[in-house]
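**Student:** If you read the protein sequences in the order shown, they are chains U and W.
Residue numbers in the first sequence follow the numbering used here, run continuously in steps of one, and reach 327 at the last position.
Residue numbers in the second sequence follow the numbering used here, run continuously in steps of one, and reach 338 at the last position.
Derived by calculation from the structure, the hints in this document are not laboratory data.
Just so you know, not all the hints are guaranteed correct.
Below, a list of computed lysine to any residue pairs in the SDA-like style, where the Cα atoms sit at most 25 Å apart [unchecked claim]:
1) K210/W x R53/U
2) K333/W x E248/U
3) K210/W x Q227/W
4) K238/W x F47/U
5) K41/W x Y105/U
6) K198/U x P244/U
Sample of chain U residues at the chain W side, in silico, Cβ under 8 Å [stated by the list, open to error]:
7) T58
8) A63
9) F65
10) A72
11) M74
12) A75
13) L77
14) H99
15) M106
16) N108
17) V110
18) S112
19) P244
Computed beta-carbon distance windows for the label pairs [stated by the list, open to error]:
20) F318/W x D289/U: 44 to 54 Å
21) T4/U x D320/W: 51 to 61 Å
22) E144/W x S128/U: 38 to 48 Å
23) T264/W x G270/U: 43 to 53 Å
24) L298/U x T264/W: 50 to 60 Å
25) E144/W x K49/U: 16 to 26 Å
26) G51/U x K210/W: 23 to 33 Å
27) K182/U x D320/W: 47 to 57 Å
Virtual Cβ for every residue (Gly too), placed ideally from N, Cα, C.
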Amino acid sequence: MATTEMTFREALQKSLYEEMDKNADVFLMGEDIGRYEGTFKVTKGFFPKYGTRRVVDTPITEAGFAGIATGAAMAGLRPVVEFMTMSFSILALDQIINHTAKVHYMTNGVISCPIVFRGPGGAAKQLSAQHSHSMEGWYAHVPGLKVVAPATPLDAYGMLKTAIADDNPVVFYENPGLYTVKGEVPDDQPNLMIPFGKAQILREGKDVSLIGYSRMTQVNLLAAELLAKDGIDVEVVDVRSLLPLDSETIYASVRKTHRAVVVYEDWKFGGFGAEIAARVSEDCFDDLDAPVGRVGGLNVPMPYARVLELECIPDENDVAAAVRKLK
Amino acid sequence: VPKQAEPTYTESSAELEQYYREMLFIRHFEEKCNVAYRQGKAGGYMHVYIGMEALAVGWMNSIRKGHDYVITAYRDHAHALLLGTDPVAVMGEIMGRKVGTAGGKGGSMHIYDPHNGFYGGWGIVGGHVPLGAGLAFASKYREEDRVTLNFLGDGAANQGVVFETLNMSGLYDLPCIFIIENNEFAMGTRLEYHAADSELWKRGLSFGIKSERVDGMDVLSMKKHAQQVVDYVRTEGKPYLIEVMSYRFSGHGAADNDRQLYRTKEEEAEHMKRDPIARLAKVMIERNVANEEKLEAIDEDIQAQVEKIYEAADASPFPDKSEVYDNIYTDMKPEQGH
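In isolation and in its complexed conformation, chain W is listed as follows (with noise of 0.2 Å):
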């Protein structure tokens, strides 16, 4: 059974409010993404977070904005979104369009701002953990003190380079905190199919790494959690493994259409019970903090903010076909033509 933190009733009015939007939002903004896939606006390979909003929202709002780095693999929108990179930015890079983050040659997987700490956005499952661990170790090498984000899934957590990379981290002391996503599914392979011990949070002991494991469904316990490994992190420079449970209610990324090829209907609606958006709902109308009707008012101004960006994105042209051998390099081009 994951750990849960204590109940707390520490938070302000204004800091429920300010996480429930920042879920709302994200989870609108994806909802949005799906339909401008399905209208093939956007193509490629697409992932959104929704189901996992609590655990994005937690984290990002226990660091120091632009000043830590957060790096994290392909289910990258929310991450973004969070750090406060341009959603309309966040938007036309998922559509291609030249007022992308990347100018639309990244797309959806691809999403960078490291102006607001985010390095990306990759999409080799895995691949970007020891990169996570090489800005951290800038950090150290430099005496800063920033502390790296360094998310994966629990799919990666499989990957030789992880392993590797945790051994360094903790040989070198970085000041990285490895936030294993778990929603229990690498793509469509059940943990328990992929994992040959399925408590992956174990894996940092053997490095002389603290690991544990947390719920990631209650925005507030999450928010609890990750703000006294921050804390822990950033003091004792060191690094950190946690293991989030969550869970997509989506389907793997936007070509994924039969999640029943892995799991039942049964089980998707047992989850979707913890709904963390609707949990956060309950917790403010118990507390007074909010009615139906404010919480409708809520959604309906985020649809608006959404339906504009979504309108000013696909307003964006794609680029200019002269624009294809920009920035491979910094200083020259390569050799041109086919």
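In isolation and in its complexed conformation, chain U is listed as follows (with noise of 0.2 Å):
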């Protein structure tokens, strides 16, 4: 299988263009994501190629276009909405709970809604309180979304591909940090789907399950480089999928390690991780040697300053003094 090495954003774009051509439903719309090339420049160059039509600008306005997507979903069309961030799409709370999510079962199947909701949540660099949302435990809360959240340039791929053929609505968590992580992508599968509710081990280990999603499982990674340098054998399991969630993988990772720690950079208080958490001891309790550990970002809005900002994400090494301190 003949692969290219490239980007996250990269991926993304190597997706969409892909599902665009296969699919004329499919249409780009968002704000500055046609003239101006998107903000975090994931639709450069799909302007020129696909016009007004298909890359839709649109008015500072997300609940408003957010709502006419839904709606033009509910008609058949396949929009792809870009949040310029995930923070502003809490204007479009509304539209995306209220409405998008519930339609399907408030007509009780007669009317599906195929759409993505997609763009950058969580920290990027100083951008502050506002800009800075981790929006998606909010969205995995809500029956009738999906929410996925890859942490690989090949899951963003693959992932996006499944997302745009999802006959229902769909939440695809990008991590901004994630944007220049690089990884390989197949050339020749523009077919390739990569199922949401799976989720798989990046490395496998024997002495403690760490579990994240997003930009936090390539966090994982680099703790598990650091504890293996103390003797500590980490197995890192990436979610990728939080709703569905397969809870049997994260589960079968615990039953070999018997330890557990749960990383996510949203506040810790109530975020997603403290639903993995929660179920890990429920289902997996007489497997477990210690009680799960959580790592989460600090319960503050975020701060601008770097070293603050620094501070309220949760790191490698976080992560590591997690871990050394199960029991």
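Make one complex out of these two single chains by using the hints.
**Tutor:** So, in structure tokens, the structure goes:
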């Protein structure tokens, strides 16, 4: 299988190009995605190729365009909506939660809503309190949505294809810190679909399971390197898909290592990692040699100064410290 | 003073009788809904259209049913019935039964029938308005000649998302007709207390949308205006905003049991003189299309129909408990259990 090394961002672009060429019902919508090429440049090059019909620049009105895209999806189109940052999707919560996510159920299956909401979520660099939200746990709380958060270029490529092909609303979460991460992506598999609801083991180990998703999976891989120097053999579980969640792969890892630490960038209090920790505690109690550990973002609005910002976001040292604390 | 269309006598007898039957059917159907609510056979929130029938009848007779898109808020029974949705399924949904349009999952506020062009049936004031523009976006994207009727109330006209939608509809030239059903009350708050400028029709002007205010209590005038607007939007492929002056004779919803908190009995009595059904009856008699006996026979016929609909809906079972997880997703179920 021929592959090419590319960044997470390039993998998203490749995926979008292929899906737009495959299906004329797929179109892009969002703020500054066309003429301006996207704030994080994921849609660079799309406007000249597809024009105003399929690359729709919107006013800065998130609720309005989330709703218009939802209506278009109800009529059978396949919108891929970009939020400039997931923080701005807060303005569209009523549309996404009260309309998009519920229409299939409220119509008892008569109307479906094949739409993707994608964009950077979590901290970028010094964007401070209003632009650094981790929203994935909010969305994963909502029946009717699917929520995925890939950690590698390959998954970004293959899972975006799955998201666009899905007949249900999908929140596709991209941590901005991942856009420059590199990895191999297949050249000639335009029909690759990486299924939702399947976690993966990115590093095998026998002593402790580090469970995370999105950029925290990359942090967990770094932490595993650090801990290896201490002779601690870490297994890294990449959750990939929050809703549906593949509990079985997580449990299988915990049953092997008997120790688990869940890592997430979102505020630690009430975040999605707490859900994972709770179910591991409930369902793997007899297999655990220590209470399930959690490493989360500090419970503060994201500060601006880089030194403070870095203090808030879990890094490999925080993760390694949490592992060492387990007994 | 709302604009009135010039009097016209171009309608055929059959047309007049059709409008009369349609309005009367909605009236009696919803009176029966009220009975169902009082008997405890309907629950939750339920909002009837009584007094406003001319509005929906005028519009639904101006579109290509099943081809054009229609969307509205929670006062939605009339729209569905006029588009051809099985009335037993509408009544069944209101009663939370298996036979309902959504198998009992939606209720009165969430009637849907996309096969007949009806996209609901939405409960958040103003929240469905961008969805309607999205339907219009899809028809434009596909170069179809559908128009979308996007009904909203006077209360919804204040929601931020409605302004956002008007802007984008003007910007993208969406073939969408925003119909503000102005019944003068946002729940229990009178127009003058909820809108800084009570001429809601002006709200389209800022977005380059052709806008006007018309009367909606006379079905013939409503139909004439509606047809002009629908034809314009279909031909020009541009949005349109129309504020239709109306009045609901009943409360906001079934749970609104003291209308005197926000309006007097005298005011209601005055407005009931504009009852669109009585008004059309008068026209039919004047034009010798019908006499009192015929109108009475029509009334009896419709009441009998409604009885049968009610009985058929009431005979339908409630949904099975096992259905609770069905149709949250097209291809999977959520985790089960408490």
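**Student:** All the hints need checking, so say for each whether the structure fits it.
**Tutor:** For each hint, the structure was consulted:
no.	hint	in the structure
1	K210/W x R53/U	24 Å, holds
2	K333/W x E248/U	16 Å, holds
3	K210/W x Q227/W	15 Å, holds
4	K238/W x F47/U	24 Å, holds
5	K41/W x Y105/U	22 Å, holds
6	K198/U x P244/U	8 Å, holds
7	T58	7 Å, holds
8	A63	5 Å, holds
9	F65	7 Å, holds
10	A72	4 Å, holds
11	M74	6 Å, holds
12	A75	3 Å, holds
13	L77	5 Å, holds
14	H99	6 Å, holds
15	M106	5 Å, holds
16	N108	4 Å, holds
17	V110	6 Å, holds
18	S112	5 Å, holds
19	P244	6 Å, holds
20	F318/W x D289/U: 44 to 54 Å	49 Å, holds
21	T4/U x D320/W: 51 to 61 Å	52 Å, holds
22	E144/W x S128/U: 38 to 48 Å	45 Å, holds
23	T264/W x G270/U: 43 to 53 Å	50 Å, holds
24	L298/U x T264/W: 50 to 60 Å	59 Å, holds
25	E144/W x K49/U: 16 to 26 Å	24 Å, holds
26	G51/U x K210/W: 23 to 33 Å	27 Å, holds
27	K182/U x D320/W: 47 to 57 Å	52 Å, holds
No hint from the list above goes unmet by this structure.
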